[in-house]
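Engineer: Spelled out from the first residue to the last, the chains are:
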Amino acid sequence: MGMGTEYASAVAVVKAMENSLFTKSDLEQFINARNQNEFETLINSKNAGTLTEVWDMLRTFAPDSKELEILLYRNDFHNLKAVLKAMISGREPDNYFIEPSNVELDDLKEAFRTKDMDILPDYMREIAIQAYEILTTTLDGQLVDSLIDTTCMTTMQKSADNSGSDFMRKYVNLITVCADIKTAYRCSKMNKQRAFLEVAICGSPELDKESLIRSALSGTETLLSFLEHTTYGELAILLKESPAQFEKRCDDIITELAETARMKAFGIEPLVAYYIAKEAEIKNLRIISVCRESGADKETIMERLRELYV
Amino acid sequence: MNSMGLALAILGASFAALFAGIGSAKGVGLVGEAAAGVVSVDPNKFSKVLILQLLPGTQGLYGLLTAILMLSRIGVIGGNTAELSVAQGLMFLGASLPIAVVGLFSGIAQGRSAAAGVGITAKKPEHNGKAIIMAAMVETYAILALLVSILLIYNIAI
Numbered sequence: 121m122g123m124g125t126e127y128a129s130a131v132a133v134v135k136a137m138e139n140s141l142f143t144k145s146d147l148e149q150f151i152n153a154r155n156q157n158e159f160e161t162l163i164n165s166k167n168a169g170t171l172t173e174v175w176d177m178l179r180t181f182a183p184d185s186k187e188l189e190i191l192l193y194r195n196d197f198h199n200l201k202a203v204l205k206a207m208i209s210g211r212e213p214d215n216y217f218i219e220p221s222n223v224e225l226d227d228l229k230e231a232f233r234t235k236d237m238d239i240l241p242d243y244m245r246e247i248a249i250q251a252y253e254i255l256t257t258t259l260d261g262q263l264v265d266s267l268i269d270t271t272c273m274t275t276m277q278k279s280a281d282n283s284g285s286d287f288m289r290k291y292v293n294l295i296t297v298c299a300d301i302k303t304a305y306r307c308s309k310m311n312k313q314r315a316f317l318e319v320a321i322c323g324s325p326e327l328d329k330e331s332l333i334r335s336a337l338s339g340t341e342t343l344l345s346f347l348e349h350t351t352y353g354e355l356a357i358l359l360k361e362s363p364a365q366f367e368k369r370c371d372d373i374i375t376e377l378a379e380t381a382r383m384k385a386f387g388i389e390p391l392v393a394y395y396i397a398k399e400a401e402i403k404n405l406r407i408i409s410v411c412r413e414s415g416a417d418k419e420t421i422m423e424r425l426r427e428l429y430v
Numbered sequence: 757m758n759s760m761g762l763a764l765a766i767l768g769a770s771f772a773a774l775f776a777g778i779g780s781a782k783g784v785g786l787v788g789e790a791a792a793g794v795v796s797v798d799p800n801k802f803s804k805v806l807i808l809q810l811l812p813g814t815q816g817l818y819g820l821l822t823a824i825l826m827l828s829r830i831g832v833i834g835g836n837t838a839e840l841s842v843a844q845g846l847m848f849l850g851a852s853l854p855i856a857v858v859g860l861f862s863g864i865a866q867g868r869s870a871a872a873g874v875g876i877t878a879k880k881p882e883h884n885g886k887a888i889i890m891a892a893m894v895e896t897y898a899i900l901a902l903l904v905s906i907l908l909i910y911n912i913a914i
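Line by line, the protein sequences give chains A and B.
Under my numbering, the first residue of the first sequence is numbered 121, with each subsequent residue one higher.
Under my numbering, the first residue of the second sequence is numbered 757, with each subsequent residue one higher.
The shape of chain A in the complex, shown without the other chains (with noise of 0.2 angstroms):
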């Protein structure tokens, strides 16, 4: 209607079905299920819809919309680190491919079949192509694998900037802030060379990558000390403490962001923030999933469930 009232049905949805979301109440339920069978029944009789439920949703009413487009970016590119791995090992990578996303799994196999990476969209023929070099040629998968995730948070960084949302701005630098201060800190562990943190670190507006690199390079402590005095501070610190709740932190700053969009009445942003809190929910119901089965307790489920969009 071109009054700034885009989506208002698709945004009417989305509010009415927020209400479907899991509550803190379903997950202690889940939690304190007695036995794996009660786990499922209750699991089923919330009756939940899948993330590529809710993406072929989102979709029917913005179909064009490139905001959308940015949320799978990383399972695109996380699909082509299955084909190629899966080429390499001589399987098949319908196991290790996330759904949903915008590169069709199909296209996906059939462009490495036939060597013909024209079928796959812009954004990821070049590299698509660079990664098979590399791979076959050297084997190096972690060379591979950080050059691709690099690849994914800049063809982000590059739509959300052309998008011209500020949400969408804000929500790719989020994403790429929390890689990149993983990668710096494991790479500092590692001893990893100048060139490999090169290819390994995005770098955002937020988190140079250059200073980051030096950083890195001058050790762990220097590194932390480094993040401490940026805005990332609390990062840091969670990253000394603890893994876990470092990446829990990092989802949450993700909903967190999620909740701003909330109260629009129009718009996007609410779209992409109702699949932001799906796919934490699903996070949610994975952690519970896995927990249960290695016998956590209680407590240990609480603290690393990520915080709801309520």
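Keep in mind that the hints were calculated from the coordinates and are not lab data.
Cβ coordinates follow ideal geometry from the N, Cα and C atoms, glycine included.
Check the hints yourself; a few may be wrong.
[Claimed, not checked] No more than 20 angstroms apart at the CA atoms, straight line, and that leaves these computed lysine to any residue pairs for SDA-like:
{"no.": "1", "chain 1": "A", "residue 1": "Lys186", "chain 2": "A", "residue 2": "Val410"}
{"no.": "2", "chain 1": "A", "residue 1": "Lys329", "chain 2": "A", "residue 2": "Met310"}
{"no.": "3", "chain 1": "B", "residue 1": "Lys801", "chain 2": "A", "residue 2": "Leu141"}
{"no.": "4", "chain 1": "B", "residue 1": "Lys879", "chain 2": "A", "residue 2": "Ala315"}
{"no.": "5", "chain 1": "B", "residue 1": "Lys879", "chain 2": "A", "residue 2": "Thr375"}
{"no.": "6", "chain 1": "B", "residue 1": "Lys880", "chain 2": "A", "residue 2": "Asp146"}
{"no.": "7", "chain 1": "B", "residue 1": "Lys880", "chain 2": "A", "residue 2": "Ser129"}
{"no.": "8", "chain 1": "B", "residue 1": "Lys879", "chain 2": "A", "residue 2": "Asn167"}
{"no.": "9", "chain 1": "B", "residue 1": "Lys879", "chain 2": "A", "residue 2": "Gly169"}
{"no.": "10", "chain 1": "B", "residue 1": "Lys801", "chain 2": "A", "residue 2": "Asn139"}
{"no.": "11", "chain 1": "A", "residue 1": "Lys384", "chain 2": "B", "residue 2": "Lys880"}
{"no.": "12", "chain 1": "A", "residue 1": "Lys384", "chain 2": "B", "residue 2": "His883"}
{"no.": "13", "chain 1": "B", "residue 1": "Lys879", "chain 2": "A", "residue 2": "Tyr429"}
{"no.": "14", "chain 1": "B", "residue 1": "Lys880", "chain 2": "A", "residue 2": "Tyr429"}
{"no.": "15", "chain 1": "A", "residue 1": "Lys144", "chain 2": "B", "residue 2": "Lys880"}
{"no.": "16", "chain 1": "B", "residue 1": "Lys879", "chain 2": "A", "residue 2": "Glu379"}
{"no.": "17", "chain 1": "B", "residue 1": "Lys880", "chain 2": "A", "residue 2": "Leu428"}
{"no.": "18", "chain 1": "A", "residue 1": "Lys384", "chain 2": "B", "residue 2": "Gly831"}
{"no.": "19", "chain 1": "A", "residue 1": "Lys302", "chain 2": "A", "residue 2": "Ala315"}
[Stated by the list, open to error] The following label-pair restraints were derived from C-beta to C-beta distances:
{"no.": "20", "chain 1": "A", "residue 1": "Lys205", "chain 2": "B", "residue 2": "Leu806", "range": "53 to 59 angstroms"}
{"no.": "21", "chain 1": "B", "residue 1": "Met893", "chain 2": "A", "residue 2": "Gly415", "range": "54 to 60 angstroms"}
{"no.": "22", "chain 1": "A", "residue 1": "Asp184", "chain 2": "B", "residue 2": "Pro799", "range": "24 to 30 angstroms"}
{"no.": "23", "chain 1": "B", "residue 1": "Leu806", "chain 2": "A", "residue 2": "Gly124", "range": "23 to 29 angstroms"}
Given the coordinates of chain A, assemble chain B onto it according to the supplied hints.
Structural biologist: Then chain B, alone, in the frame of chain A:
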């Protein structure tokens, strides 16, 4: 010159119906979009969102009322068409402007407000009343404009 005055007055009556009607159509349409979204997930909320959808419809009615009053005052309906000077015609045209312009913009604004209210109804149906009150606030200004238009129509000397 007589016909020119009448033409201006009729233009005024048209403006009232036209712009207030556009405002309402846009407003009702927007709330309808949002309402359909909610009903697609929860059909039981139909009656609640319907009230919200009706709210921006009043501007169109005010425009219609103004047009009818004006047409009857100048005798286009009811026979005895008045002879109006250009100045008088302009006065009638001016009399239509409050409801025409305010009707257009308040219809759209009320539509936005009510569509946002649909979100309240979707998430917290028990607070539906608040959504109605908030959207109804916009109505005030449409009523004020209608009042001014009517006062003008009845106080222009023919």
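Engineer: Look at each hint and say if it fits the structure.
Structural biologist: Status of each hint after checking the structure:
1. Lys186(A) x Val410(A): violated (34 angstroms)
2. Lys329(A) x Met310(A): holds (19 angstroms)
3. Lys801(B) x Leu141(A): Measuring from Cα to Cα gives roughly 19 angstroms; hence the hint holds.
4. Lys879(B) x Ala315(A): violated (52 angstroms)
5. Lys879(B) x Thr375(A): holds (19 angstroms)
6. Lys880(B) x Asp146(A): holds (19 angstroms)
7. Lys880(B) x Ser129(A): holds (17 angstroms)
8. Lys879(B) x Asn167(A): Holds, at about 18 angstroms.
9. Lys879(B) x Gly169(A): Given pair Lys879(B), Gly169(A) holds - Cα atoms ~18 angstroms apart, limit 20 angstroms.
10. Lys801(B) x Asn139(A): holds (14 angstroms)
11. Lys384(A) x Lys880(B): Holds, because 15 angstroms separates the two Cα atoms, which is no more than 20 angstroms.
12. Lys384(A) x His883(B): OK: Lys384(A) and His883(B) at ~17 angstroms, within 20 angstroms.
13. Lys879(B) x Tyr429(A): Cα-Cα ~13 angstroms, so holds.
14. Lys880(B) x Tyr429(A): holds (15 angstroms)
15. Lys144(A) x Lys880(B): holds (18 angstroms)
16. Lys879(B) x Glu379(A): holds (15 angstroms)
17. Lys880(B) x Leu428(A): holds (18 angstroms)
18. Lys384(A) x Gly831(B): It is violated: about 49 angstroms lies between the C-alpha atoms, which goes past 20 angstroms.
19. Lys302(A) x Ala315(A): holds (17 angstroms)
20. Lys205(A) x Leu806(B): 53 to 59 angstroms: Once the Cβ atoms are compared, 55 angstroms apart, the range 53 to 59 angstroms for Leu806(B) and Lys205(A) holds.
21. Met893(B) x Gly415(A): 54 to 60 angstroms: holds (57 angstroms)
22. Asp184(A) x Pro799(B): 24 to 30 angstroms: At roughly 28 angstroms between Cβ atoms, Pro799(B) and Asp184(A) fall inside 24 to 30 angstroms, so the hint holds.
23. Leu806(B) x Gly124(A): 23 to 29 angstroms: holds (24 angstroms)
Checked against the numbered hints given earlier, this structure breaks hints 1, 4 and 18; the rest are met.
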